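J.: Sequence:
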Amino acid sequence: MGVNSSSVVNQYGLDSSHGIGGTGTVRVNRTGNCNLPNDQYYKKTERGSYNHKIDEANNILAVRWKDNSIVTLLSNQYGVKPLQSAARYSAKEKKKVYIPQPNVVSMYNKYMGGVDQFDNNIATYRISMRGKKWYMPIIMWMFDTAMNNAWRLARNVGKSLDNLAFRREVGQALLKKYGKLPLRHGPTSSYSYPLAARRNTKHIILTNQLRRRCAVCKSKTVKACSTCQVPLHDKCFSAFHPNN
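So the mapping is simple: my numbering equals the position in the sequence shown, first residue as 1, plus 482.
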């Protein structure tokens, strides 16, 4: 439906009088007085349904379209017609279906700006990590940003890989280089210390500042044998020295 509706969209730079065009998504409460249907209305409609209003004085279109979520756009460049078709998977029908899509939505997706495209790329293959540290999402976002920028640069120099394939290639390269566990350069296995020496030498357990893994129970301790120089808990000392 098209109606004459005043709007406060000039704050978004949609100034048709000076030949300046623009198209973008907005929050539903930022469409001025055009009063498009709310989310409750779209819960009762099929995917692909839409409503629109036109500020004829300024030649600005406001449209709401139901996809997986509800999208609201403003534009002084494109209209609703001609309607396009968008392929979506239907969980109910267990197959791909085509739903109507306003032309303005199709053009927005086609010429999506850098920031919106960046957000879309990040959201598609976001690194998933659960943790209690507040800074972990920031670190993961940095990795996602670096990966996205590297993919864009690779495409600019002619590498024909989609986002997922590029991420897989980077992952394989990292695993190939860093996938092997580093060799441990710590003390040799405690049980390599001769059993005869463990039995016949006077041993005393001391406390060190360095925490190392106990030769018997493998948990960390600050205790160690003064003679063998092997980390041992008090309770593990006699097991390591049978005759002490």
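Please note that the accuracy of each hint is not assured.
What the hints assert, rightly or not - When the alpha-carbon atoms are kept at most 30 angstroms apart in a straight line, the in silico DSSO-like pairs for lysine-lysine are as follows:
#, residue 1, residue 2
1, K578, K526
2, K615, K548
3, K592, K577
4, K574, K615
5, K578, K592
6, K525, K574
7, K717, K705
8, K684, K662
9, K525, K577
10, K526, K563
11, K525, K548
12, K563, K577
13, K615, K592
14, K662, K641
15, K641, K592
16, K592, K576
17, K577, K614
18, K526, K576
19, K700, K662
What the hints assert, rightly or not - The following label-pair restraints were derived from C-beta to C-beta distances:
#, residue 1, residue 2, range
20, I604, V508, 50 to 58 angstroms
21, L643, D598, 34 to 42 angstroms
22, R509, R634, 48 to 56 angstroms
23, W616, I502, 18 to 26 angstroms
24, G503, D644, 24 to 32 angstroms
25, R509, N591, 17 to 25 angstroms
26, P564, Y617, 23 to 31 angstroms
Think of the hints as simulated: they come from the structure by calculation, not from any bench. Model, not experiment: these values are computed from the prediction. Cβ atoms here follow ideal geometry from the backbone N, Cα and C, with glycine treated the same way.
J.: Are the hints correct? Go through all of them and say.
T.: Against the structure, the hints come out as follows:
no.: 1; hint: K578 <-> K526; result: holds, 21 angstroms
no.: 2; hint: K615 <-> K548; result: violated, 36 angstroms
no.: 3; hint: K592 <-> K577; result: holds, 25 angstroms
no.: 4; hint: K574 <-> K615; result: violated, 39 angstroms
no.: 5; hint: K578 <-> K592; result: holds, 21 angstroms
no.: 6; hint: K525 <-> K574; result: holds, 16 angstroms
no.: 7; hint: K717 <-> K705; result: holds, 11 angstroms
no.: 8; hint: K684 <-> K662; result: violated, 41 angstroms
no.: 9; hint: K525 <-> K577; result: holds, 22 angstroms
no.: 10; hint: K526 <-> K563; result: holds, 24 angstroms
no.: 11; hint: K525 <-> K548; result: holds, 9 angstroms
no.: 12; hint: K563 <-> K577; result: holds, 27 angstroms
no.: 13; hint: K615 <-> K592; result: violated, 38 angstroms
no.: 14; hint: K662 <-> K641; result: holds, 28 angstroms
no.: 15; hint: K641 <-> K592; result: holds, 21 angstroms
no.: 16; hint: K592 <-> K576; result: holds, 27 angstroms
no.: 17; hint: K577 <-> K614; result: violated, 39 angstroms
no.: 18; hint: K526 <-> K576; result: holds, 21 angstroms
no.: 19; hint: K700 <-> K662; result: holds, 23 angstroms
no.: 20; hint: I604 <-> V508: 50 to 58 angstroms; result: violated, 21 angstroms
no.: 21; hint: L643 <-> D598: 34 to 42 angstroms; result: violated, 22 angstroms
no.: 22; hint: R509 <-> R634: 48 to 56 angstroms; result: violated, 28 angstroms
no.: 23; hint: W616 <-> I502: 18 to 26 angstroms; result: violated, 41 angstroms
no.: 24; hint: G503 <-> D644: 24 to 32 angstroms; result: holds, 30 angstroms
no.: 25; hint: R509 <-> N591: 17 to 25 angstroms; result: holds, 19 angstroms
no.: 26; hint: P564 <-> Y617: 23 to 31 angstroms; result: violated, 48 angstroms
Checked against the numbered hints above, the structure breaks hints 2, 4, 8, 13, 17, 20, 21, 22, 23 and 26 and satisfies the rest.
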